[in-house]
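Each chain is listed here by its residues.
Number of protein chains: 2
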Amino acid sequence: MSNNGIDPFDLTRAQFQLPDGLVYLDGNSLGALPKATADRLANTISQEWGRMAIGGWNRAGWMHQPRAVGDRIASLIGAPDGTVVMGDTLSIKVYQALAAGLSLSKDRPVVLSDSGNFPTDLYMAEGLLKTLGGDHRLKIVDPEVIIDALDETVAVLMLTHVDYRTGRMHDMAGLTKAAHSKGVRVIWDLAHSAGAVPVDLALCGAEFAVGCTYKSLNGGPGAPAFLYCRADLADHVDPALSGWLGHAAPFAFDLEYRPGDGIDRFRVGTPPVLQMAALEPALDFFESVTMNQIRARSIELSEAFREGVEASCPMLKLASPRDPHARGSQLSFAFEHGYAVMQALIVEGVVGDFRAPNLIRFGFAPLYNSLADIDVAVDTLARIMESGSWDQPQYHQRAAVT
Amino acid sequence: MSNNGIDPFDLTRAQFQLPDGLVYLDGNSLGALPKATADRLANTISQEWGRMAIGGWNRAGWMHQPRAVGDRIASLIGAPDGTVVMGDTLSIKVYQALAAGLSLSKDRPVVLSDSGNFPTDLYMAEGLLKTLGGDHRLKIVDPEVIIDALDETVAVLMLTHVDYRTGRMHDMAGLTKAAHSKGVRVIWDLAHSAGAVPVDLALCGAEFAVGCTYKSLNGGPGAPAFLYCRADLADHVDPALSGWLGHAAPFAFDLEYRPGDGIDRFRVGTPPVLQMAALEPALDFFESVTMNQIRARSIELSEAFREGVEASCPMLKLASPRDPHARGSQLSFAFEHGYAVMQALIVEGVVGDFRAPNLIRFGFAPLYNSLADIDVAVDTLARIMESGSWDQPQYHQRAAVT
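Taken in order, these protein sequences are the chains called A and B.
Here the first sequence is numbered in this note's numbering, starting from 451 and rising by one per residue.
Here the second sequence is numbered in this note's numbering, starting from 451 and rising by one per residue.
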């Protein structure tokens with residue numbers, strides 16, 4: 451509650467467009483739609499593209515957008531202004547950060563990651579290391595033994611802060627410190643962190659961070675990714691994806707690449723102006739509530755859900771850390787027929803998602819999820835589990851996207 | 451004229467939103483806004499994202515969009531269904547095509563290009579070749595001597611079909627044939643070709659093509675790029691940007707990358723759903739007119755402009771091929787103070803652009819440019835040149851984006 455007795459989250463919740471009666475606990479996959487987004491995008495289309503056409507690059511500030519929006523993201527992840535740039539997808543940003551990290555430690559051949567990392571991070575690393583050739587290799591260890599695997603062969607430690615399956619949250623400061631003590635550079639993937647949990651990049655001192663904006667930041671399907679590079683390093687890395695908008699003088703049209711100053715060299719091609727315009731109103735929410743407020747409410751929501759489910763659904767086994775401070779803003783439960791249970795839940799108006807092989811996963815978005823949502827979700831899940839109503843043929847049919 | 455006496459381009463022109471009185475000859479940089487775009491995007495936002503949320507990936511077909519839209523592009527560039535995929539930016543697609551081409555000829559170290567190529571293509575090649583290391587190198591020759599430079603050291607010939615500065619159009623079939631006779635793979639950048647001139651990829655047999663959709667295809671600022679890979683090759687290339695949506699089973703979340711079938715392996719991260727939705731209505735225009743009709747009208751427009759300017763502006767020197775069949779849908783003129791002339795023109799309501807060091811550039815978009823536009827543009831340019839009104843201090847001040 452704020453000082454005047456109004457819950458700030460009642461105000462934010464009213465500014466999202468969600469179907470009546472739907473309990474949406476999948477904002478950790480795709481955030482809900484802010485009511486302001488459609489108008490904002492209509493304005494960009496008709497008032498900027500429609501009236502200014504090519505002039506929009508200067509007059510509407512499109513060219514500067516990747517930096518301007520980057521500064522807004524920076525404020526949510528403990529990064530100074532001028533250290534974050536937007537564009538492309540998270541996969542591309544992983545590739546860029548990893549190539550940059552490797553360019554700082556050319557004598558070390560190993561990229562270290564853990565089996566809790568999101569697969570695309572590992573796939574992009576595989577592709578980069580194959581392209582680099584030589585002794586370069588990817589080493590994947592269990593999350594518990596990362597520190598033991600840090601040695602003088604490791605160039606870069608690349609981890610996702612919050613595990614997409616279980617919500618288990620790494621100790622960002624501790625692991626970064628351990629890596630630095632062995633001369634290892636660190637990349638944090640904040641896909642499930644940005645807008646979900648407080649992050650302090652400046653404090654932890656990591657070299658790079660990347661993330662997406664379509665989950666807890668509510669930027670919409672296909673929203674752009676972000677890349678953070680520590681300010682003292684940006685001028686010293688070799689960009690692997692050396693596109694013209696990362697050039698020191700894009701409109702000089704030189705035949706040779708010269709990297710731009712600082713974070714600008716992580717720009718690649720033409721920025722996704724419309725996706726960026728859709729992201730902007732979504733970031734306004736973070737001006738009315740702090741990340742600490744969001745975290746406190748997130749814990750309240752997830753604890754209520756965990757307690758409710760554990761009390762009423764004995765067949766579901768908690769797959770997330772029991773300590774709310776050891777997990778992000780999500781909870782998962784293991785059950786052999788998890789896929790069917792989730793389909794039944796969705797039909798009943800409670801949306802979470804399924805992650806192979808057997809996890810049902812629920813995300814908690816304080817900006818639009820209330821305690822009343824949690825009650826409905828627990829009751830519905832309990833009813834489905836108790837009645838066995840999930841065990842119908844149509845709930846076992848897998849869709850293309852799970 | 452069509453059979454019933456109605457000019458099909460009068461119909462298309464009425465479906466674009468352009469400021470009253472503006473003559474927009476910069477569609478080769480950013481295409482004009484189709485009137486249908488705003489509603490289409492509003493629908494995607496409120497009816498798909500707003501109502502389906504995460505369900506949009508399956509129910510609204512978002513996951514399939516990069517292939518479905520790719521098929522629509524394929525039909526405009528002479529490519530079969532299933533050979534084109536959308537996503538990312540043109541710079542990224544250049545990187546992917548080049549890495550794929552090099553993976554097919556591992557014993558050849560050279561990428562050959564010409565000095566008329568758009569700089570980002572050369573920059574991305576530089577970055578990739580540096581990452582690959584070894585003997586890999588980029589060789590840049592003049593456009594006239596490409597064939598002489600083709601030899602057994604060259605793995606890939608990478609060219610932009612229509613020169614962004616002059617509009618000079620390469621002989622796609624002839625150069626591809628010459629390259630193939632030396633065992634060289636070919637990548638065509640169609641940035642200034644797709645939607646502007648007829649292209650027949652199947653006929654010319656090139657291995658790869660890439661392009662953007664915000665120029666003559668009118669997809670809007672930040673519209674996604676496309677990549678074509680010849681059907682018989684797609685299963686044999688090693689993707690350098692091995693992202694999860696190019697994986698054979700993205701939702702199995704394996705720790706190791708296995709490339710998807712065919713063109714799917716060129717997908718990388720989450721597709722830009724909103725940018726893709728904005729592109730869709732722009733592609734509808736190409737169902738009412740053929741690329742041959744567009745080409746015929748484009749030549750009519752550019753010839754009228756060339757004749758008018760050459761007759762009335764003796765100080766402007768034609769920098770494009772005089773033969774309309776040897777150029778794309780654009781014309782450039784050289785003049786020492788070209789920048790100031792273009793600024794004066796823009797203030798007078800005729801929009802082209804400037805390309806360093808001294809070119810004023812005009813694009814012709816039959817979908818919305820009329821012969822009446824050409825008359826206004828010629829008269830305005832002649833008046834500015836004759837009066838010397840371009841020589842004012844404010845017209846010499848360079849903007850960030852030219």
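What the hints contain is simulated information worked out from the structure, not anything from laboratory work.
Possibly wrong hints are sitting among the right ones.
Here are the simulated BS3-like pairs of lysine-lysine, each with C-alpha atoms no more than 27 Å apart in a straight line [unchecked claim]:
#	chain 1	residue 1	chain 2	residue 2
1	B	K632	B	K589
2	B	K485	A	K485
3	B	K485	A	K556
4	B	K627	B	K589
5	B	K580	A	K556
6	B	K627	A	K580
7	B	K556	A	K589
8	B	K485	B	K556
9	A	K627	A	K556
10	A	K580	B	K589
11	A	K627	A	K589
12	B	K556	B	K580
13	B	K632	A	K556
14	B	K556	B	K589
15	B	K589	A	K589
16	A	K580	A	K556
17	A	K580	A	K632
18	A	K580	B	K485
19	A	K632	A	K589
Chain B is nowhere near these chain A residues, computed Cβ spacing over 10 Å in every case [to be verified]:
#	residue
20	A492
21	E576
22	K627
23	S839
From the three backbone atoms N, C-alpha and C, an ideal C-beta is built for every residue, glycine too.
Hints and how they fare:
1. K632/B / K589/B: Between K632/B and K589/B the Cα gap is close to 16 Å, so the pair holds against 27 Å.
2. K485/B / K485/A: Measuring from Cα to Cα gives roughly 23 Å; hence the hint holds.
3. K485/B / K556/A: 52 Å, violated
4. K627/B / K589/B: With Cα atoms ~20 Å apart, K627/B and K589/B stay inside 27 Å; holds.
5. K580/B / K556/A: 13 Å, holds
6. K627/B / K580/A: 31 Å, violated
7. K556/B / K589/A: With Cα atoms ~26 Å apart, K556/B and K589/A stay inside 27 Å; holds.
8. K485/B / K556/B: 48 Å, violated
9. K627/A / K556/A: Holds - the C-alpha atoms of K556/A and K627/A are around 21 Å apart, at most 27 Å.
10. K580/A / K589/B: 24 Å, holds
11. K627/A / K589/A: 20 Å, holds
12. K556/B / K580/B: 15 Å, holds
13. K632/B / K556/A: Violated, because 36 Å separates the two Cα atoms, which is more than 27 Å.
14. K556/B / K589/B: Given pair K556/B, K589/B holds - Cα atoms ~17 Å apart, limit 27 Å.
15. K589/B / K589/A: It is violated: about 36 Å lies between the C-alpha atoms, which goes past 27 Å.
16. K580/A / K556/A: 15 Å, holds
17. K580/A / K632/A: 25 Å, holds
18. K580/A / K485/B: Outside the cut-off at roughly 46 Å; violated.
19. K632/A / K589/A: Given that 27 Å is the threshold and the Cα spacing comes to 16 Å, the pair holds.
20. A492: Given that some Cβ of chain B is not farther than 10 Å from that of A492/A, nearest at about 5 Å, it is violated.
21. E576: 5 Å, violated
22. K627: 27 Å, holds
23. S839: 20 Å, holds
The structure shown violates the earlier hints numbered 3, 6, 8, 13, 15, 18, 20, 21.
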